[in-house]
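Taken in sequence, the protein lines are chains A and B. Per the UniProt record's numbering, the first sequence starts with residue 1, numbered consecutively. Per the UniProt record's numbering, the second sequence starts with residue 1, numbered consecutively.
Because the hints were derived from the structure by calculation, they are not lab data. Certain hints may be false.
Claimed, not checked - Pairwise CB distance ranges (calculated):
#, chain 1, residue 1, chain 2, residue 2, range
1, A, ILE143, B, ASN51, 50 to 60 Å
2, A, THR151, B, LYS404, 24 to 34 Å
3, A, GLU308, B, GLU130, 52 to 62 Å
4, B, LYS78, A, ASP291, 31 to 41 Å
5, B, ARG261, A, LYS80, 47 to 57 Å
6, B, GLN300, A, LYS80, 33 to 43 Å
7, A, SER103, B, ARG261, 24 to 34 Å
8, B, ARG280, A, SER142, 32 to 42 Å
9, B, SER278, A, ARG149, 25 to 35 Å
10, B, ARG412, A, ILE143, 52 to 62 Å
11, A, THR151, B, LEU19, 17 to 27 Å
12, B, ASP268, A, GLU276, 47 to 57 Å
13, A, ILE143, B, LYS78, 17 to 27 Å
14, A, GLN42, B, ASP431, 30 to 40 Å
Unchecked claim - With a cut-off of at most 30 Å between alpha-carbon atoms, the simulated DSS-like pairs for lysine-lysine come out as follows:
#, chain 1, residue 1, chain 2, residue 2
15, B, LYS315, B, LYS15
16, A, LYS178, A, LYS112
17, A, LYS306, B, LYS279
18, B, LYS192, A, LYS112
19, B, LYS467, A, LYS147
20, B, LYS466, B, LYS167
21, A, LYS147, B, LYS251
22, B, LYS78, A, LYS89
23, A, LYS262, B, LYS251
24, B, LYS487, B, LYS35
25, A, LYS262, B, LYS273
26, A, LYS147, B, LYS15
27, B, LYS15, A, LYS259
28, A, LYS220, A, LYS206
29, B, LYS167, A, LYS263
30, A, LYS236, A, LYS263
31, B, LYS192, B, LYS222
32, A, LYS124, B, LYS78
33, A, LYS112, B, LYS315
34, A, LYS112, B, LYS193
35, B, LYS78, A, LYS80
36, A, LYS306, B, LYS467
37, B, LYS452, B, LYS99
38, A, LYS206, A, LYS219
39, A, LYS89, B, LYS57
40, A, LYS89, B, LYS167
Built from N, CA and C at the ideal position, the CB exists for glycine as well.
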Amino acid sequence: MLARVANNLFWMGRYIERAEHTARYLKVNYFSSLDAPNKLSQSRQFVLQSVYQMVGETSFTSLTLKEEEVLYNVGLNLNKTYSVLNSIKLARENANSSRDLVSTEFYESINKFYHFAMNYSNDKFVKNGLYDFTTSVTEHTSILRGKIRGTLLHDEIYALIMLGINIERATQITRIIKTKFDDANKAIGGYANPIKNSYEWTTLLKCTESYDMMRRYYKKSPTQLTTLEFLILNAKCPRSVMNSLNQIYNNICTIDNTKVFKKDTSAFLIGKMRAEYEFKTIEEIQLNVHDFIEKTSQLLFSIGFKLENEYFYV
Amino acid sequence: MTKNTLNPIFSSYDKIQSLYDEIFDENSDVREVYKKLFELYSGLSIDDYGNLNEMAKASFFNQGITFQVYSDTKAQEKIFPFDLFPRIIDHDEWDTIEKGVLQRSKALNLFLHDVYHDKKIIKDGIVPIEMISSSSNYLQSMMDIDPPGGIYNHISGTDLIKHSDGKYYVLEDNIRCPSGVSYVMCNRGALKKALFGVFNHYDIHSVTDYAENLLEILESVKPHGVDVPTAVVITPGIYNSAYYEHSYLAKTIGIELVEGRDLFVENDFVYMKTILGSKRVDIIYRRIDDTFLDPLEFKQDSAIGVPGLFAAYKKGNVTIVNAPGTGVADDKAIYTYMPEIIRYYLGEEPILNNVHTYHCSKEDDLKYVLENVNELVVKPVDEAGGYGISIGNRLTKEEIETLKETIKKEPRKYIAQPIMSLSVHATYIEDTNSFEQRHVDLRTFTLLGNQKDFVLRGGLTRVALKKGNLIVNSSQGGGSKDTWILKK
Chain A
1 MLARVANNLF
11 WMGRYIERAE
21 HTARYLKVNY
31 FSSLDAPNKL
41 SQSRQFVLQS
51 VYQMVGETSF
61 TSLTLKEEEV
71 LYNVGLNLNK
81 TYSVLNSIKL
91 ARENANSSRD
101 LVSTEFYESI
111 NKFYHFAMNY
121 SNDKFVKNGL
131 YDFTTSVTEH
141 TSILRGKIRG
151 TLLHDEIYAL
161 IMLGINIERA
171 TQITRIIKTK
181 FDDANKAIGG
191 YANPIKNSYE
201 WTTLLKCTES
211 YDMMRRYYKK
221 SPTQLTTLEF
231 LILNAKCPRS
241 VMNSLNQIYN
251 NICTIDNTKV
261 FKKDTSAFLI
271 GKMRAEYEFK
281 TIEEIQLNVH
291 DFIEKTSQLL
301 FSIGFKLENE
311 YFYV
Chain B
1 MTKNTLNPIF
11 SSYDKIQSLY
21 DEIFDENSDV
31 REVYKKLFEL
41 YSGLSIDDYG
51 NLNEMAKASF
61 FNQGITFQVY
71 SDTKAQEKIF
81 PFDLFPRIID
91 HDEWDTIEKG
101 VLQRSKALNL
111 FLHDVYHDKK
121 IIKDGIVPIE
131 MISSSSNYLQ
141 SMMDIDPPGG
151 IYNHISGTDL
161 IKHSDGKYYV
171 LEDNIRCPSG
181 VSYVMCNRGA
191 LKKALFGVFN
201 HYDIHSVTDY
211 AENLLEILES
221 VKPHGVDVPT
231 AVVITPGIYN
241 SAYYEHSYLA
251 KTIGIELVEG
261 RDLFVENDFV
271 YMKTILGSKR
281 VDIIYRRIDD
291 TFLDPLEFKQ
301 DSAIGVPGLF
311 AAYKKGNVTI
321 VNAPGTGVAD
331 DKAIYTYMPE
341 IIRYYLGEEP
351 ILNNVHTYHC
361 SKEDDLKYVL
371 ENVNELVVKP
381 VDEAGGYGIS
391 IGNRLTKEEI
401 ETLKETIKKE
411 PRKYIAQPIM
421 SLSVHATYIE
431 DTNSFEQRHV
441 DLRTFTLLGN
451 QKDFVLRGGL
461 TRVALKKGNL
471 IVNSSQGGGS
481 KDTWILKK
């Protein structure tokens, strides 16, 4: 496969996943704040800042953010690289460059998604369309993943798209954990241990669509410990970092089919990270959650960087 | 003179008697091949038809079968207008077309070989040397090169019209990078989805075999010594107006779609950059113009070409499809010599008619053209896409004078033909929500390979959507129809 096209497929996967996480984070945070148990987490400013922090917007100085402006920027502003709409646009642009390799059915779905999002009224979105738009985005992305799995050959093209999706998923989950961890530290909860039992852990699980399964697994209200364990280390949770790492490892094995990986390859780096996380315990992570999350982000970044250099710029 | 039928979807159909109508004969009766279809469509009201039309449009749009239009604020995607009322061609009529276009393609191939080798046809006085030497599409660098399999014009698009006398005439041969074949397939697909019932009543040729035949043709001209060749389609990129077609062809043939930057040349062999290193490329179906192919040989500022490609071609290490330099033969000036070219190389009479053409380069013809501009169509010889065409009876007095001056300045650049009356076909017009007569032509697709040839049994019927307009090119606001070739 052409290196340029491989790059397009990889990034198409990343942008599809990014659009979904950004939309979901925006939705869940906004709506869960409406009935949050304490004043700070109910505060609109608190939520808007959390959204900006998650997408990496740092240039705001004003202490009072304007709600419509934040929603527009994160949702539909094409001039903001982090906006949901920009991710959708780039996903489709990358699909265009690899259009001959993907199925007609998949292309039609991504194209419809693009037109749906591009034609969404700004006015409607910031006034009363937030729920509608973000829900549609998560549904469209699910359809796309379904078409990828169901209509493409499971060869290196599929592996590259999935590699993009899974690296982005791990990256976004890490970002969301980081943001909500900071939020929990700011918003003192109403229970015995203000941080460990914060309401923010419930929001975090909902942001990652993992709340119901977490309850089924632990049969208790989420705490800091169980939430982080579930989202970072539980290989069965489809949104966990560990689950993504396992998939990333499988995907890279389809592309690099050498039996023993050389130490300067992406496959080696991925395998190393996966092995390390497989045998990590939540107690070890608890010692310094902040540093651990930072390190995870950096490792994922360096894997992405390595992949690009190894496969896309030949 | 007009006649209204009782049919609801044709209730306001104005039939102009002087034009050849593909559906209705001179007595305004439905022609035999259209009878069943006409009956089936009669069950629809004009509003039903309007709804189907909207659905078909949405389907094209969602599939991204679109082109970009740039306005001041942002790029807009548009679909090529498509009409759900198909054009039907009977098998006997098609037989003549098929034999005729193949004959032309073969003659053009022999002509190209001759022009780039011994130039016998010129020495024998059949075609004047000026036709070649003054053509901007003649490539000196192609002299004495033998393309693999001896084929130059692997893919030809022949544009035909039906005149008011009911006969087909060839309007032009396109043997550089003829486009439009993807729309033949898409139009069929759209019609099947919208009106699947009608297909039960007609036995028509499928158009889906084009891609596999194209692959066979490509592989039949692989470079010498290559066992299993690797073929690619090269495109200028996603912003090219025909990008949809390029990606469609690559996908249906099952080969890579590459851009110039994906390829490189080393020791006169062409390679593509893949995720597992470089891979040799043997056959390039190019959808970029000659002069952009290789900045080392042609346009130095071409950013979409591959440096060194032509050197690899000269060495016979890669096949370029169509061969560079084919443009010299689809020039509108050469067109006028086609009957002689066919007789000269094949010893056969031309099967398809040529439109009589006046060469402004010839003194007598120039005189005639200048005196009769108002009755002629004047065309520049080296423009494609319907650009620069002047239709005499549509011009004002001042425009005629300006045109005459332009011709006098560069007579070689212009030819003139009698105003041909393109046949008309019932076409759904959105603005009036009714069927109206519109002029149509037909583009056929012919493939030539080593010991193999193929004519696609179908074609692109292009429709001039503006009332009375004769120019059907999509760049000039044309639409298209599915085209059915009936089986025997």
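Going down the list of hints, with the structure as the test:
no., hint, result
1, A:ILE143 with B:ASN51: 50 to 60 Å, "violated, 26 Å"
2, A:THR151 with B:LYS404: 24 to 34 Å, "violated, 60 Å"
3, A:GLU308 with B:GLU130: 52 to 62 Å, "holds, 56 Å"
4, B:LYS78 with A:ASP291: 31 to 41 Å, "violated, 53 Å"
5, B:ARG261 with A:LYS80: 47 to 57 Å, "violated, 29 Å"
6, B:GLN300 with A:LYS80: 33 to 43 Å, "holds, 40 Å"
7, A:SER103 with B:ARG261: 24 to 34 Å, "holds, 26 Å"
8, B:ARG280 with A:SER142: 32 to 42 Å, "holds, 41 Å"
9, B:SER278 with A:ARG149: 25 to 35 Å, "holds, 31 Å"
10, B:ARG412 with A:ILE143: 52 to 62 Å, "holds, 58 Å"
11, A:THR151 with B:LEU19: 17 to 27 Å, "violated, 47 Å"
12, B:ASP268 with A:GLU276: 47 to 57 Å, "holds, 49 Å"
13, A:ILE143 with B:LYS78: 17 to 27 Å, "holds, 25 Å"
14, A:GLN42 with B:ASP431: 30 to 40 Å, "violated, 56 Å"
15, B:LYS315 with B:LYS15, "violated, 59 Å"
16, A:LYS178 with A:LYS112, "violated, 33 Å"
17, A:LYS306 with B:LYS279, "holds, 22 Å"
18, B:LYS192 with A:LYS112, "holds, 21 Å"
19, B:LYS467 with A:LYS147, "violated, 43 Å"
20, B:LYS466 with B:LYS167, "holds, 24 Å"
21, A:LYS147 with B:LYS251, "holds, 17 Å"
22, B:LYS78 with A:LYS89, "holds, 17 Å"
23, A:LYS262 with B:LYS251, "violated, 35 Å"
24, B:LYS487 with B:LYS35, "holds, 16 Å"
25, A:LYS262 with B:LYS273, "holds, 22 Å"
26, A:LYS147 with B:LYS15, "violated, 49 Å"
27, B:LYS15 with A:LYS259, "violated, 74 Å"
28, A:LYS220 with A:LYS206, "holds, 15 Å"
29, B:LYS167 with A:LYS263, "violated, 73 Å"
30, A:LYS236 with A:LYS263, "holds, 29 Å"
31, B:LYS192 with B:LYS222, "violated, 36 Å"
32, A:LYS124 with B:LYS78, "holds, 25 Å"
33, A:LYS112 with B:LYS315, "violated, 47 Å"
34, A:LYS112 with B:LYS193, "holds, 18 Å"
35, B:LYS78 with A:LYS80, "holds, 26 Å"
36, A:LYS306 with B:LYS467, "violated, 59 Å"
37, B:LYS452 with B:LYS99, "holds, 14 Å"
38, A:LYS206 with A:LYS219, "holds, 16 Å"
39, A:LYS89 with B:LYS57, "holds, 22 Å"
40, A:LYS89 with B:LYS167, "violated, 50 Å"
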